[in-house]
Amino acid sequence: MAEVTRERWGSRYFFLFAAIGSAVGLGNVWRFPYLTYEYGGGAFLIPWIIGLIIMGIPWMMMEFGMGRYFQRGAPGVFEGIGKKWEWLGWWPVFVAFLIVTYYSVVIAWSLRYAVSAASMAWGVGEAGAAGAGSYFFETVLNLSSGPGALGAPVLPILIFLAFVWVILFFIMYKGAGVIGRVAVWTVTIPWALLVVLLIRGLTLPGAIDGLNYYLTPDFGALTNPDLWFGAFSQIAFTLSLGMAGMFAYGSFIAKRADVTNNAFITSFSNCATSFFAGFAVFSTVGFIMQALSVPVEGVSASGLGLAFVTYPVAISMMPAANAVVGVLFFLCLFFLGIDSAFFLAYGGVISPVMDKFGLSRIKATLLVCIIAFVVGILFTTGGGLYWLDIVDRTVSFYGLLITGALASIVVGWVFGAKKLREHINETSDIKVGAWFDWMLKVVVPAGLLFVVIYGGFMNDIPNAYGGYPLWAASMIWVILIVTLGLSFWLQAVKTRGPKEVSE
Amino acid sequence: MTTGAIVTTVIMSLIFIGVLWFCFSRMGKGGKWED
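Residue numbers (our numbering), protein chains in the order written: chain X, 649 to 1151; chain V, 3 to 37.
Pulled out of the complex, with its shape left as it was, chain V reads as follows:
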């Protein structure tokens, strides 16, 4: 793969994993699920 393609893959993977990890780590700290 080209360097640009590899850098794009790494950066996007870090963004998605980072944001989703942060969101899941915050679950339950605000609203309560009342079902």
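If we strip away everything but chain X, and leave its shape as in the complex, we get:
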């Protein structure tokens, strides 16, 4: 086997920015604030912080630590534990690949809206507020009647999607060194834009009412299992774990460098961003409540609805600087999304492909970019939004949680949680005790399986997901089974990449 030097970040800060950028994404803006409001305001933050400490941070330490130990991406890590476990490294690679195929389309929508906002294409004032929904679903998406009616790709979205992949290629083809440098900008720019949006939000009438809905605690909600489900699921999704990428990002750390402190900084920076973004979002929600005289239930939303319908409504109703706020908001979404996208594509897919097949970085990057772009065309069609929702449910929910739980079990019980902890403690700024072993062996898998069963199986098995036709909803299980089968097939393929890695 050839011996090669593993690529490196170039600086600890480049690594930290890349890891924080991968964790901080669109969900910080469009999911966390809504969940906080929905599940008891300030009371929600108690199980959220508990989930972060007992589940999120140990899981992140595991992915960073195992990547650093084996100096390989996810498949290489599990191949290192035992050849029979390699499939468990490939399954999250497919998760990452499918996520980035539709995530890049959402980034393309953000760019489309940044351009549209410059001319306030959906209108200003009450007319704009009334037309924001139809602008998104009809003008931008050309939404069809259902998942069976795909229609042709929407040309402007297709062009923006191609543009996104060209940007991603040029960021990724030189590897971790350049990714770290780019991440410094893709993390700081959205933070700066969030500050501007927060100032604009707080100076709008009604902002304080929105913040009261966001933060006033309802401690009675702590006895509601839905609140604990919401908090643990948010932690599971927000840290970009279970998508293979953090193993690769950890593998680009030198063997004598820190793991624990980096995991704490990455996790808490991500959660602080979520908390901060909530102020920008809910100050604006309060403004819409007052401007349109509607209750909070009528305007608070999560997911795509918040970003591409509710926020444009607010922008239309603003008394001044509508276009400026609109452009800044959608550029903020673009920057929040782009570093998560190159994390998914490079750490999640390209690096494992290079490790397995011995391809050069430029060939692997080009190959993955082209295939992901072609698959992503599905989501630019008239029926694309339905398929985006179904594939998101498949990989971003089931795929991520199941592979995360299995990975924790195999690392904790087969590789050995104590062995990993001792390896991490040898060089880390903060030493962790035996509590880590039990978090990794029991709490992380139990927490993830709780979310899968309570929020997934109990809903999607008795009823077709999302009210879609049974054949379309069944694609969830088909995709999971096919990607699992492909993972076993890749395990059987001979590894051609270098196995020995020098420092």
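Honestly, the hints are just simulated from the structure, not real lab data. Values in this document were obtained by computation on a predicted structure and should not be read as measured data. All C-beta atoms, glycine included, are put in the ideal place defined by N, C-alpha and C. Accuracy of the hints is not assured; some may be wrong.
Covered by chain V, per the in silico footprint, the following chain X stretches (three or more residues, Cβ under 8 Å) [claimed, not checked]: (1) 907 to 913; (2) 1041 to 1054.
Not the full set, but computed from the structure, chain X residues with beta-carbon under 8 Å of chain V [stated by the list, open to error]: (3) Arg660; (4) Leu693; (5) Ile697; (6) Ser782; (7) Ala902; (8) Arg904; (9) Phe916; (10) Ser917; (11) Ser1076; (12) Asp1077; (13) Val1080; (14) Trp1083.
With a straight-line Cα cutoff of 16 Å, these simulated EDC-like cross-link-like pairs (lysine to aspartate or glutamate) come out [as the list claims (entries may be wrong)]: (15) Lys822/X / Glu655/X; (16) Lys31/V / Glu945/X; (17) Lys1067/X / Asp1085/X; (18) Lys1066/X / Asp1085/X; (19) Lys34/V / Glu1074/X; (20) Lys903/X / Glu786/X.
Add chain V to chain X, keeping to what the hints say.
Okay, now just chain V, sitting in the frame of chain X:
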């Protein structure tokens, strides 16, 4: 803002600032960055 909202804001801000300050103050005391 309500008292509850203010208390939540203050406590969460202290947690985030405190933890991140502690983490950054520990940087370089364990592992060495060898790039």
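Hints, verified against the model:
no. : hint                  : result
1   : 907 to 913            : holds (count 5)
2   : 1041 to 1054          : violated (count 0)
3   : Arg660                : holds (5 Å)
4   : Leu693                : holds (6 Å)
5   : Ile697                : holds (7 Å)
6   : Ser782                : violated (35 Å)
7   : Ala902                : holds (4 Å)
8   : Arg904                : holds (5 Å)
9   : Phe916                : holds (5 Å)
10  : Ser917                : holds (7 Å)
11  : Ser1076               : holds (5 Å)
12  : Asp1077               : holds (4 Å)
13  : Val1080               : violated (11 Å)
14  : Trp1083               : violated (17 Å)
15  : Lys822/X / Glu655/X   : holds (10 Å)
16  : Lys31/V / Glu945/X    : violated (49 Å)
17  : Lys1067/X / Asp1085/X : holds (9 Å)
18  : Lys1066/X / Asp1085/X : holds (6 Å)
19  : Lys34/V / Glu1074/X   : holds (11 Å)
20  : Lys903/X / Glu786/X   : violated (52 Å)
In summary, the numbered hints that this structure violates are 2, 6, 13, 14, 16, 20.
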